[in-house]
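Q: Please model the complete structure; the sequences and the hints are all you need to start from.
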Amino acid sequence: KNILKNILIDKLKINIYIKDMPDFVLTKQEILKGDAESLKASILDHLHFTLAKDKYTATKRDLFLAVAYAIRDQLVGRWIQTQQQYYDADRKRVYYLSMEFLIGRTLSNSLVNLGILENCEKAVHDIGFSLDLLKEMEADAGLGNGGLGRLAACFLDSMATLGIPGYGYGIRYDYGIFTQRMQNGYQLEVPDNWLRYGNPWEICRAEYLYPIQFYGRVEERREEHGRIHFEWVDTQEVMAMAYDTPVPGYKNDTVNTLRLWQAKSSRGFDLSYFNHGDYIRAVEDIATTENISKVLYPNDNIFEGKELRLKQEYFLVSATIQDIIRRYNKGHIHLDGLPDKVAIQLNDTHPALAIPEMMRLLVDREELSWDKAWQLTQDTLHYTNHTLLPEALERWGIPLLEKVLPRHVQILYEINRRWLEEVGRHFPNNAEKLRSLSIIEETTPKRVNMARLAIVGSRKVNGVSALHSDLLKHQVFSDFSEMFPGKFTNKTNGITPRRWLKTCNPGLSKLITDHIGEEWVTNLSSLEGLLAYENDSAFKQHWREVKRKNKERLASHILGENGIMVDPDSLFVAHVKRIHEYKRQLLNILRLIHHAFSIQENPEGNWVPRTVIFSGKAAPGYFMAKRIVKLITSVATTFNADPIVNRFLKICFLENYRVTLAERIIPAVDLSEQISTAGTEASGTSNMKFALNGALTVGTLDGANIEILEEVGSENIFIFGLKTEEVQALKANGYSSWELYNQNESIRRVLDAIRDGMFSNGDRSLFQPIVDSLLEGNDPYLLLADFPAYCDAHAQVDTLYKSQDEWVKQSIHNVARIGKFSSDRTIKEYASEIWRLD
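Each residue of the sequence shown is one higher than the one before, counting from 21 in my numbering.
Among the hints, erroneous ones may be present.
[Claimed, not checked] Straight line, CA to CA, 25 Å or less: simulated SDA-like cross-link-like pairs of lysine to any residue: (1) K284 x Y195; (2) K326 x N213; (3) K453 x L491; (4) K507 x Q495; (5) K392 x G351; (6) K80 x R445; (7) K743 x N762; (8) K493 x K840; (9) K271 x L531; (10) K507 x E434; (11) K493 x R445; (12) K392 x L413; (13) K848 x Y348.
[Stated by the list, open to error] Label pairs and their calculated CB-CB ranges: (14) S286 x E441: 37 to 43 Å; (15) E539 x Y206: 46 to 52 Å; (16) Y206 x Q748: 34 to 40 Å; (17) M202 x E441: 54 to 60 Å; (18) G625 x E539: 42 to 48 Å; (19) E462 x E765: 47 to 53 Å.
No lab work stands behind these hints: they were computed from the structure. Here a beta-carbon is modelled for each residue, glycine too, at the ideal position from N, C-alpha and C.
A: Next up, the structure:
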């Protein structure tokens, strides 16, 4: 009954009627108090004067926009004051460059960080509406896809909360990556038109407009004093226009900035073509130019997509470096002090072109010597590596670079020449070292290794978990580490507790605060105070009730969106993240097939009822990931319709995974799947989010799972599978997936069912590529090797879940011991050990 009630509330379309809309307007001073009455007045003020609506014509969207503008008013004064304080104190600033910022929705986060959530709820209620319903009108910002972008968003929140002068720099994508729709079980990509109704949070800064050059050629001329001057001419010019979004800290009046660049044509509309009837050519330059900021990660399986992606990366770094130098020059005469006032963090290799671009601007425009420019570049930039997969380390072909960025190719060759001279001095007469350390790979065609460039051009290089950083130093970049042992460091990732507990799980947040106070919001380690309650029966009962309500809410969503009725008393298991072979959603579905077969064979067994939730997007050009999505949905369709199986197992694929959906899923989950092949996941942060919300983890010894294990203890987590060194040894000694197929009846039965068309209406070809990858392709991510141990781990899960008292105790223990994984801790380490902030 509660589930159906929640669905009706979610789906009900209510015509707005504004109660008692006044004819007067309060002063700004009164409005900015932030109490319920002044917020109400501010909302109505914006409804009337900003949106030109009255109580008869206002729609639900109008009211949402009015609320957003009212809250933005609360931010703007603090925002201006914060930036002025940074300027007056001449503080060193941190610039975080990222292709992604997965910020989700802004309204709830702003209300929580400003400390006015309850006041706003009352204000909206007094107007005659529900704030929760209005929140649903806000689109998730289409600025990211996966963990890379969400980490960047958490870092911005922490920098603001810690009072660090931090600026995020990214691209203002018109359509994000894509909206995922499911059609007959297949992923369908449609444009994510998140800006369809505008964005009330951003402010266009048209005064910050920078020219970005592409193509052309380079002219050299020798000046009178002998210096060679390089001029990049005959270029195609694109303009980068700034859009700023405020990033509030938690209850500290600090508001930092996320600056996003949008591509604008430098020529615009061609009236002469239009007047001659050539309407397409009249707008051709606008369309071509502005494609740069249209979509995140265009499909690079085609040449045009590759070229567009390269242009995106350069567009971001060129506009950003120009802006950073402008801001620095505003308060300083000489560039010598740049590293003392500026720290630039490259979030993965996408912004690595910042290195040659910084050199171009310092040498060609500021006319510094090469050596001085290189010293400033190296001392200012820092690089975070996010991947161990060789195929994910970016490489750009020299022919493409020569076409798009001819001046930068010259700079890259010179960087590499000087670098290899240094390598030669360190490793004399060692051709192999020269090859393995060269920024430019001698392939056909030659390629620039962007990770190597980022290492050479940065002062510090960090991994994002202890295991990841160790593998970087001793395996992936061992030669670089040997040359620069002090350059590599670890900064284990973290998450912001403001978003991932206080905002998304208010019930649990209140329960925790009622018992140990609110210090945990800015000092997550204080959650250890919960250890005193893990044997308190009354507290455990409240803990169960909070989880039950969250599960009911998610069950309502599943029924409303997927038409599947799930039991809130069942074990909720979630595997939600980007779809990729190394993340092993396929291993999960293979085990679920095996589990369903076991239920069919013993329908009266003492099975723990399970609801298994998958969600995540596959890259548009990633065939295998998209086929895995289809297998998941097909297996779900098959077993959800089986009256024997569906009493104990329901499988759901929730479409269009995004921050807002994660905020609904994570508080409701009992068990989190973190099962990547050991040695492939740099860190992961969903493992931290689930643990912070009371979920137990089943996972491999990979990424941050290892550190979570160290914090919560082996008895409070389900660890299985091969370790990194065992994975490497197994592959080196001749792993055979066929041998496992022949030896293990359960594996053979599952793979045969897939191959024989059980989940494809008899079509044996549909999932043959998946079976071929596991057998003919020798199972590159070792799913079959870990399959038996994975099944055993889930058997342990069943045993524990049957003892609800012990399960809740371990849930409390996980939350109490997860304090290390706050992004506040991570940012403090960056600030002191990498950015050298005072």
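Q: Does each hint fit the structure? Answer for all of them.
A: Consistency of the hints with the structure:
A hinted pair counts as satisfied when its Cα atoms are at most 25 Å apart, and K284 with Y195 qualifies at roughly 16 Å. With a C-alpha separation of about 23 Å, the suggested pairing of K326 with N213 holds against the 25 Å cut-off. Annotation: proposed proximity of K453 to L491 holds, straight-line Cα distance about 19 Å (limit 25 Å). Using a Cα cut-off of 25 Å, the hinted pair K507 and Q495 holds, with the two alpha carbons roughly 15 Å apart.
With a C-alpha separation of about 20 Å, the suggested pair K392 and G351 falls inside the 25 Å cut-off, and the hint holds. In summary, the hint linking K80 to R445 is not supported, as the alpha carbons are separated by about 69 Å, beyond the 25 Å threshold. As the CA atoms of K743 and N762 are separated by approximately 24 Å, the hinted pair is consistent with the 25 Å bound. Proximity of K493 to K840 is assessed by CA-CA distance (about 23 Å); at most 25 Å being required, the pair is judged to hold.
Taken as a hint, the K271 and L531 pair is honoured in the structure, with Cα atoms around 20 Å apart against an allowance of 25 Å. Distance restraint check for K507 and E434: the Cα-Cα separation of roughly 22 Å lies within the 25 Å cut-off, and the hinted pair is therefore satisfied. Proximity of K493 to R445 is assessed by CA-CA distance (about 21 Å); at most 25 Å being required, the pair is judged to hold. For a cut-off of 25 Å, the pair hint linking K392 to L413 is broken: about 29 Å separates their Cα positions.
About 24 Å separates the Cα atoms of K848 and Y348, which keeps this hinted pair within 25 Å; it holds. Between S286 and E441 the beta carbons are some 40 Å apart, a value that agrees with the proposed interval 37 to 43 Å. Look at E539 against Y206: about 48 Å separates their beta carbons, and that is inside 46 to 52 Å. Range check, Y206 to Q748: Cβ separation about 36 Å, and the 34 to 40 Å hint holds.
Separation of M202 from E441 is about 55 Å and conforms to the stated range, judged on CB atoms against 54 to 60 Å. The hint said 42 to 48 Å for the Cβ distance between G625 and E539, and at roughly 47 Å that hint holds. Range check, E462 to E765: Cβ separation about 49 Å, and the 47 to 53 Å hint holds.
Checked against the numbered hints given earlier, this structure breaks hints 6 and 12; the rest are met.
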